[in-house]
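Residues per chain, in single letters:
Number of protein chains: 2
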Amino acid sequence: MVRPGGRSARVQAAVHAAVRELASEVGRDALTVPLVARRAGVTPSTIYRRWGDLQELLSDVAVERLRPEASPGDHGDLYADLTAWAEQFLDEMASPAGRSYIRDALLGDPDGSNAGQCSAYAAEQLETVLARAAGRGDVTPDVETVMDGVVAPLMYRILFRPDGLDAPYAHRLVAQALGRTGP
Amino acid sequence: MVRPGGRSARVQAAVHAAVRELASEVGRDALTVPLVARRAGVTPSTIYRRWGDLQELLSDVAVERLRPEASPGDHGDLYADLTAWAEQFLDEMASPAGRSYIRDALLGDPDGSNAGQCSAYAAEQLETVLARAAGRGDVTPDVETVMDGVVAPLMYRILFRPDGLDAPYAHRLVAQALGRTGP
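Protein chains in written order, with the UniProt record's numbering: chain A, 1 to 183; chain B, 1 to 183.
FYI, nobody ran anything at the bench for these hints, they're computed from the structure. C-beta: ideal position from N, C-alpha, C; glycine also.
Listed below are several chain A residues computed to face chain B (Cβ distance under 8 Å; list not exhaustive):
1) R103
2) L107
3) G112
4) A115
5) G116
6) C118
7) S119
8) D148
9) P153
10) M155
11) F160
12) R161
13) P162
Output of the computed footprint for chain A on chain B, the stretches with three or more beta carbons under 8 Å from beta carbons of chain A:
14) 112-118
15) 151-164
Working from the sequences, and respecting the hints, build out all of it.
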């Protein structure tokens, strides 16, 4: 674990920033460890020691980029909250940048912890939506049911089967997960 | 498209065989294009010209390894056929070899056609199961419903959220996809 503000945290911030800057300047495929090290003001061996290789570093950066920036919006009821969330999730993950981050997160991830973190982000957001609905007195499905019924089909189709992946499809998944046949 | 028996098909077979042999002898991470070329009796430039790079070659080999070897078994009714199929799919895909092939298939796949092929294999097998049930006079869900309800959660959890991924979970997914609360 990294102590905030310590040297280790400063190195991490500088290296992540260097990856993001260089990816937008020269493109992700042109990145190398020496290039990133030079921009971050660290030695290549600092990067190898901490991240192992470029793919693991890109995986860590991708997970940071996939971290949600805000709590899910409150639209007054569970169906509206979940459809809005699913639509935004689909927009972000199915975008070229989103797809690229998902692939990076999956790839340089020998122990699966980065992929697990991506999934945990989605589960935390859904917990917020479901707790809010429970607070309104709604009967809600549990979070794993929504992961299976909404997040899994969206992510599976983004990675493997992209035809027909649009907002109405996301809405149908939410309706089914809530045991409704339509909005 | 490759004409069966032609030079192109022979090169492909030799290169795929070289990858499989070398992967079991020296390990997947030690593979290089020159090593594969030497074993296959082709020049490295033949491999670069045809596959672009090692990752695309590994992706093609992975898709071949993920191709189902047999038609889904006939167990007398739709629930039994789908649970048996889902259990076998989970066993194969969640194994260390299966996970490694899925990652390879996703990675060296710039246009998504290899990932699409993996998904098509599953859909074809499910079509067979569903057509057989329809032939018995059963009312069946359509194949995309089973993809969303069974294949997507299994694959999502294999890649992102492996806790609790076992045969009883696969059975519950099948029961839900068939609109049943239990076997």
